[in-house]
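Asks: Make a model of the complete structure from these sequences and hints.
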Amino acid sequence: MTNFSTDADLLKWEPALLREIVLDHQCLTRGEDAVCQAFAVTAAEGEFVTRCVRPGHVIHLANAAQGVDGYYEVLSIESETELMAAVVGSAGDDAVPLPAATGLAFAVQTFDPQHEEARYALLARFGLEADAADPSADLADWIAQRRALRRASVALVLAMLYRGQAAGGAGESGLAAKADHYARLYEDEVAKARLVLDRDADGRADDVRTLASHRLRRV
33 MTNFSTDADL LKWEPALLRE IVLDHQCLTR GEDAVCQAFA VTAAEGEFVT RCVRPGHVIH
93 LANAAQGVDG YYEVLSIESE TELMAAVVGS AGDDAVPLPA ATGLAFAVQT FDPQHEEARY
153 ALLARFGLEA DAADPSADLA DWIAQRRALR RASVALVLAM LYRGQAAGGA GESGLAAKAD
213 HYARLYEDEV AKARLVLDRD ADGRADDVRT LASHRLRRV
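Throughout, my numbering is defined as the position within the sequence shown, counted from one, plus 32.
Check the hints yourself; a few may be wrong.
[Unchecked claim] Label-pair ranges, simulated between beta-carbon atoms: (1) S205 x G235: 26 to 36 Å; (2) R182 x E204: 43 to 53 Å; (3) T134 x H213: 16 to 26 Å; (4) D234 x G159: 14 to 24 Å.
[Said to hold, decoys possible] Capping the alpha-carbon separation at 30 Å, the derived lysine-lysine pairs in DSSO-like fashion look like this: (5) K210 x K224; (6) K224 x K44; (7) K210 x K44.
Don't read these hints as lab results, they were simulated from the structure.
These figures come from a predicted structure and were not determined experimentally.
Beta carbons are placed, not taken as given, at the ideal position from N, Cα and C, and that holds for glycine.
Replies: Okay, here's the thing in structure tokens:
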């Protein structure tokens, strides 16, 4: 099932996140000698399809000699060696292209495991934990307005990440403060959220759930 938030969503809130938190075991692919032109990134050793890179992930591109060191939102995967990307937060006609450069180091680190945990936690808060645990239940098709849970998901993922980093090491107090901030924001967002379910795909809401009342009558 698709998550409610993406890595690119996280960077809209915390642009320096991938510099603050580096999880090598969650790096999908990395290499050297990538080339950027407009929105295209080509890399002979990318393995973008095999390594399950997908839209919403973030690619780091760097070449100090050419003044490039940035994180860019993946828009599409064209092949094992090519993907399309843009400045985070830009899309469609307003998409901002990449800097033209060659000889770039590249890496795609993801927080997908944390997004998955946030998805399950959110579904549980709305009384859908049994459906979330059932592989035959296609919640991705049932949820009519997935955007309604994006902010809550982002806040929970950031709270988890900063809490994990605050468990030890330098800067612990600052990271703990960020974790507390996002934990409070998560609760605020969940309290405001309204989850609409259309189980039979007839275009009408079968369930409308809020934190106060998991199930309201059909509208």
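Asks: Could you tell me which of the hints above the structure violates, numbers in ascending order?
Replies: Those not satisfied are hints 1, 2 and 3.
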